[in-house]
Amino acid sequence: MNDGILVLVVMTALAFDFTNGFHDTANAMATSIATRALPPKTAVTLSGVLNLVGAFLSLSVAATIASGLVNTHLVTLTVVFAGLVGGITWNLLTWFFGIPSSSSHALIGGVIGATMAAAGTNGVKWHGVVSKVIIPAALSPLIAALIATVGTYLIYRLSRGVPDRTRSHGFRIGQIGSASLVSLAHGTNDAQKTMGVITLALIANGTVDAGSEAPFWVITSCAIAISLGTYLGGWRVIRTLGKGLVEIDSPQGMAAESSSAATILLSSHFGYSLSTTHVATGSILGTGLGRKGAEVRWSVAGRMATAWLLTLPAAGLVGAGCYGIAQGIGGTPGVVIVFVLLVIGSALLYLRARRRPVSHHNVNDEWDGATAPANAKEPAAA
Amino acid sequence: MDSWIDLDALWKIVVIGLLAGAGLPALFAVGLRAVSLPGRAGDAPAAGEADDDRIIGTNPLGIAAGALCFALVLAAIGWGIYSVVAGT
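Respectively, the protein sequence lines represent chains A and B. What the first sequence shows, in our numbering, is residues 1 to 382, in sequence order. What the second sequence shows, in our numbering, is residues 1001 to 1088, in sequence order.
So here's chain A without its partners, still in its complex pose (with noise of 0.2 Å):
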């Protein structure tokens, strides 16, 4: 017992769930962005809204993050501590880079890291990690850009002769509708593993008992910090998938949310996991193959599938390093110190991405290869 660290450990998981809802507001709004269906603001505000209904919509999921993926009884609150650390870490710089990445997978991987460094490479289930993580990680983009394709083939072919104004008009509506169910999947889903690792801390804290739901207190935090975060609105991943991947029509933003919320929903149902942003990914990308003379950009495409495949070694790396840490300075001291180091780092991180801010004002400038646009001024010092 050590209430101490269960503090921190809290703050972090929350601060953990503020990075995962600005750094995945791009999967359900980049879309809805780019063709102007919303203004900016208007479409992270009500996606924050919506990421709030969701979380507490439904509680089935909670607690899985870390069952079935590393043996429970070796997590300490160091160990979730470490992984939260890994996860956020790894968030800030895809983020920074403008790289749209799993939060989930960023958050596995910490836990995993800081599992293998605390109780070695037995402390950790490698089936399920193959079978719940890494297998459909890789099925899911594939399964939505096929629904996105045939839907944004269907929508084109059965659409053509409708007025322009009917047109737009109409699936620019449909775009937000469905824009708005993947907002509140991803409150279901990703608040929701949050929620799991607090109660997993609190379980292994002895506060409450190993089998508790989530206490209220917890559901309540979790869905404030997820929508705190998805409100303020991650522009620079919002860039890159809004603008940078495919130059995305309304009805083919309306064929690519539809296809996420499918897939969000059903594999949820179907007891998977998944990382909503390889999800929105793997839609947006499937639009852009569904519609004749549209540019998918590769080399995007291939920047982010690199990101991917290096988000559980690289969040594990920083989560058995914090681990390392933590655990070497021993007790309260060494999760202080770490925690000192997280906020330390990313102040720094935050007030280089000021130099070439991302926000709402340019979020839809053209597109020239850079998470920034080129004129992305400093601002002015106040």
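Please note that the accuracy of each hint is not assured.
Said to hold, decoys possible - Derived list of chain B stretches under chain A, where covered just means 3 residues or more per stretch with a C-beta under 8 Å from a C-beta of chain A:
{"hint": "1", "segment": "1011-1022"}
{"hint": "2", "segment": "1032-1038"}
{"hint": "3", "segment": "1070-1083"}
Keep in mind that the hints were calculated from the coordinates and are not lab data. All values reported here derive from a predicted model rather than from experimental measurement. Every residue gets a Cβ at the ideal spot worked out from N, C-alpha and C, and that includes glycine.
Given chain A, work out where chain B should sit, using these hints.
Using the frame of chain A, we list chain B on its own:
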């Protein structure tokens, strides 16, 4: 059943995913097409209005068919959300 991949769940996700994720948007597109149908050829422009601003066509049957399509899409989404909430 394979211990690495749950093929049974996989094909269900693909098939139902195609129906919901591609079929519903397609139905929505059909609905749009239906509501935008003109009544009789040359009818609408003769009315002398700014017809380019029209979003909805003038064919009552088309509007009804389109509304049915939209209602089906909404019902499917509602059922989907319900099954997620109830499936806890």
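Now for the hints, and whether the structure bears them out:
1. 1011-1022: With 9 residues close enough to chain A, the hint holds.
2. 1032-1038: Per the Cβ count (4), the hint holds.
3. 1070-1083: holds (count 4)
When held up to the earlier numbered hints, the structure conflicts with none and fits them all.
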